[in-house]
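**Q** Modelling step: build the complete structure from the supplied sequences, incorporating the hints.
2 protein chains.
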Amino acid sequence: MSTTKGITKRNEDYAAWYQDLVKKADLAENSAVRGCMVIKPYGYAIWEKMRDALDRMFKDTGHTNAYFPLFIPKSYLSKEASHVEGFAKECAVVTHYRLKNAPDGNGVVVDPEAKLEEELIVRPTSETVIWSTYRNWIQSYRDLPLLINQWANVVRWEMRTRLFLRTAEFLWQEGHTAHATAEEAIEETLQMLEIYAEFAEKYMALPVIKGVKTPNERFAGAVDTYCIEALMQDGKALQAGTSHFLGQNFAKAFDVKFTGKDGKEEYVWGTSWGVSTRLMGALIMAHSDDDGLVLPPKLAPIQVVIVPIFKGEEGLQKISQVVNSKIIPELRQAGLTVKYDNRDTERPGFKFAEWELKGVPVRLAIGERDLQNQTVEIARRDTKEKSTVPMENIARIIKNLLDEIQKNIFQKALEFRQKHTTRVDTWKEFEEILLQKGGFVEAHWDGTTQTEEIIKEKTKATIRCIPLQNPQEKGKCILTGKPSSQRVLFAVAY
Amino acid sequence: MSTTKGITKRNEDYAAWYQDLVKKADLAENSAVRGCMVIKPYGYAIWEKMRDALDRMFKDTGHTNAYFPLFIPKSYLSKEASHVEGFAKECAVVTHYRLKNAPDGNGVVVDPEAKLEEELIVRPTSETVIWSTYRNWIQSYRDLPLLINQWANVVRWEMRTRLFLRTAEFLWQEGHTAHATAEEAIEETLQMLEIYAEFAEKYMALPVIKGVKTPNERFAGAVDTYCIEALMQDGKALQAGTSHFLGQNFAKAFDVKFTGKDGKEEYVWGTSWGVSTRLMGALIMAHSDDDGLVLPPKLAPIQVVIVPIFKGEEGLQKISQVVNSKIIPELRQAGLTVKYDNRDTERPGFKFAEWELKGVPVRLAIGERDLQNQTVEIARRDTKEKSTVPMENIARIIKNLLDEIQKNIFQKALEFRQKHTTRVDTWKEFEEILLQKGGFVEAHWDGTTQTEEIIKEKTKATIRCIPLQNPQEKGKCILTGKPSSQRVLFAVAY
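Read top to bottom, the protein sequences are chains A and B. With the first sequence counted from 1, adding 1 to any position gets you my numbering. With the second sequence counted from 1, adding 1 to any position gets you my numbering.
Worth flagging that the hints you see were computed from the coordinates, not collected in a lab. Hints are all accurate, no fakes.
Intra- or inter-copy, both count: the list cannot distinguish identical chains.
Here are the simulated DSS-like pairs of lysine-lysine, each with C-alpha atoms no more than 30 Å apart in a straight line: (1) K90 with K253; (2) K50 with K387; (3) K80 with K24; (4) K265 with K24; (5) K203 with K60; (6) K299 with K237; (7) K483 with K457; (8) K265 with K25; (9) K400 with K319; (10) K80 with K116.
**A** Right, dumping it as structure tokens:
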């Protein structure tokens, strides 16, 4: 069962709804290469808006971009002991550097004589290759801090993939910074967490909880992993970004030392932090509905679509004259992105449905009557409300409306999260809530990895994070009954 | 022998000068992975400016960005016969998808059980994977034209690499468009050639010759390859961008057909076009001198550097007060990128040399006397000329100066090219000019690949292109004496 647009309804099959939406809204599709996606122009345009906003925020806080190699020598991965355990296993391995014509004349085969002495790994993340480079860049405290970010593709060989959420190849940014003191590196780690949270909330209209991961969920090679966690409409959590305090782990693994002001040599302190095209999945799942995407105006590739309601070619011309000479220039002047859908091959109803599917925040419809009355019909995507407004001051009206939509989408997601965050104190309640309601569950935990793993086995729920500024309160672990000093945030997660 | 900055002089060893410059100016360096470079922040900042300018030009002509997989199934490469001959040979081959702990406990080894059924090639270019995708996107004439560009990394296993000019991994953009008619596809091919030429001349201040390649130098799989060719200061040519008319070659290889307005099915017509980080090499080699980079203002990450000439902390404070409250705000207001080098650890002479090395177009120096006189000393990087100007209207003065520098750099490169373009009519002259003067040589050629190859063997010179709108004139091939109807452009090339 599905809507007329061919999108499964959320309450029928949430996973199918998501997949339908990604395909029908032309965001992405699977490629012929297992686990690798094609990001289609409309999806990529949203990603570009995300990237540009984040890039500005990074640069405003003193970071610069650079580019490091796609390939990592195999031996690098094992230099940081816990890193290799977390990352080395599932990755694309380059073993040869040449093909040759097949002896039977049928296509090409790998040339066995072109075997690499040491295999190369397609980067699953770049700490190792970057810290091996930093070794040559850092000698003195004057070379610090080093505040570098990279926009790149990475590959992690995933067995079960889902468009945007989990793909073998994905796009991301990875920041890698080096500092003279632990304090400064921790400050940087938390600053980037704040930037991610601000980006999620202000641009994606996605409320997030900032917290720190348990040791079990830490990034392989980090001393501490901080994260932002968001809630999707199906009650599952999604980790939307991570920021790692690396301590001196990678500096020690790659021998990166600096001479301080006092002339003493010390290992450098590091951080790394990243967000990826996974954010596209979060954006889609947090706001959209059974009719299609709902995009926050700040990330919508098209903010306003104009649909003429006309009879005959002459009717279209009359409307187009006003749209092209007055409405579009005024909206563009105000900095808005506008599309005029003047196709004469499709009916207005078809166009309305199409732009709803694509999540355009505001639709203007203009008919002959509107021309006479100097009015425009405005429909907002988030609430589906319509109103007729004077053509005069149209830019100001729409600008205000887009601000309101941006706020409303955030508010709606925030209320959903609040409704789906439950405090529980017993195991029975814990299991029931996860099964029936989902969402975030605030519960006491005895602080051991063992308990965490048993809970995961029994319920699939994991500790998403220990929220920052978590209130301290005495309680008992929901599973073991052992004493606990604070609640942590559980959820079943993507 | 080298200058005080540690840069070899151009007339001593041009190749060493280039390499010194790339390293000393912090543009890029070799990585631990053979042939793969690290693009350092200052180099990447220049590349970002190039990318942003090109991206705007692509979007202004109706193109959108998308993203296609890094990996290409091996079998795809052999689907277009001439494509595989040109590309399949030297490339990175992924054969496995997992590592495991070494049995001896020492690091990791490739897991032999995780062998791919079909090997994957790291894309050397994306025609094959993109046309295999277009097959699903194109059914009718209404789906055309498809105007898509991708910014990506690609890998071609090169034996001899040079930073930016020839590296195993490099960054580029590749446009891939699909059209209903050959005429439209040719028009697109030429439009993109124009855009590349405009970008080279207006942004890079690099005069280029637009032309078409001989069959021998064509892109593997193209019907026609157009190019822009530039001349470097050592008299060698550099291909700075190519635009290919693919005919129906890839449409046929991947079975991409469309139904026309007349209801008939036909294969789609294609183009592809690209420029890469190689442009960085062209930019450096075209303008720079023995003291370092000379950057055109439109691509300089820092357009103006301000150096205070002070005695003691109090002196610095007095100057900083004026710089921070008046000069910097006025320059930024005017849209200029400004750096205030107020380090108290380095002397002015050191700073002057450093910013010269980095190619900052304009340097301002301000001393106590200047404060009294309300003046500033201006030095331009291109001519090294200095002048003292009133502080009033500083933004306007510098904006005009930057325009002048942009024009002057272009003019200088154009004059160099004119001086190093020679018409020759005999083989003896041809050899002499190539040996003694270098540069472009306009000469008659009999039109055969055989002659082209003999000339290359004898002199290392290749036909860079047959210029567009080439004047037709009767003549005799410099090698064979056979009749020829036009001169073509020879040069030894990078």
